[in-house]
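Chemist: Read top to bottom, the protein sequences are chains A and B. Counting along the first sequence from 1, when you hit position 71 you're at 121 in our numbering, and nothing is skipped either side. Counting along the second sequence from 1, when you hit position 48 you're at 53 in our numbering, and nothing is skipped either side.
In case anyone wonders, no lab produced these hints; they're calculated from the structure. Keep in mind that the hints are not guaranteed to be accurate.
Just some of the chain A residues that point at chain B, by a computed CB distance under 10 Å [as the list claims (entries may be wrong)]:
id: 1; residue: S59
id: 2; residue: L96
id: 3; residue: L150
Because the structure is a prediction, the values reported are computed rather than measured. Virtual Cβ for every residue (Gly too), placed ideally from N, Cα, C.
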Amino acid sequence: GENVEQHPSTLSVQEGDSAVIKCTYSDSASNYFPWYKQELGKRPQLIIDIRSNVGEKKDQRIAVTLNKTAKHFSLHITETQPEDSAVYFCAASPHGNNRLAFGKGNQVVVIP
Amino acid sequence: NAGVTQTPKFQVLKTGQSMTLQCAQDMNHEYMSWYRQDPGMGLRLIHYSVGAGITDQGEVPNGYNVSRSTTEDFPLRLLSAAPSQTSVYFCASSPGLDTDTQYFGPGTRLTVL
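Given only the sequences and the hints, what does the whole structure look like? Please build it.
Modeler: Printed below as a string of structure tokens:
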């Protein structure tokens, strides 16, 4: 099955700086790559996703890039704010499968 | 719409007891899934369903049963609870077809003593 790995496990950034989290996946059939944000004690919430037919997608301060050849995708958060502090999970899935395989998560801490 | 709802929010069981975690959605979604979340392990898929009457195993199905008699409901049954099943359980639903976005319920925190 699909194996998704996230690096680094913990990331601390100064408020206003950028944060980048990278994920790698193993199954070349995967073509849907979402990112979820989870605050302490809350449910995971989708923040951005990308499909394999595009290389980059942006939504305000958040962007995701995909390199299918290298089998990795990254989350970029610019102008970080304290409310960006959370655990971020990447996942991968073959299209239409809905069997998401999640990474173990990255703790992002934004220092005011 | 209430979205995805789960009951109970918290539960404490003794080893060997059985119980059912409830999950319901009112968005007419075809796809529903159960995940467990353990510290440092991310979310792992237990069972999933692509429609009423159809279920299949995920990554960690042992010790759990599911059924899908209606589109709205997808209960998860623990037949004989074990301490290793102490976890936070999330139910999720998705419209299916060309939409893979999953919407998560609020979770159930289960402790097995």
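Chemist: Provide an ascending list of the numbers of those earlier hints which the structure does not satisfy.
Modeler: none
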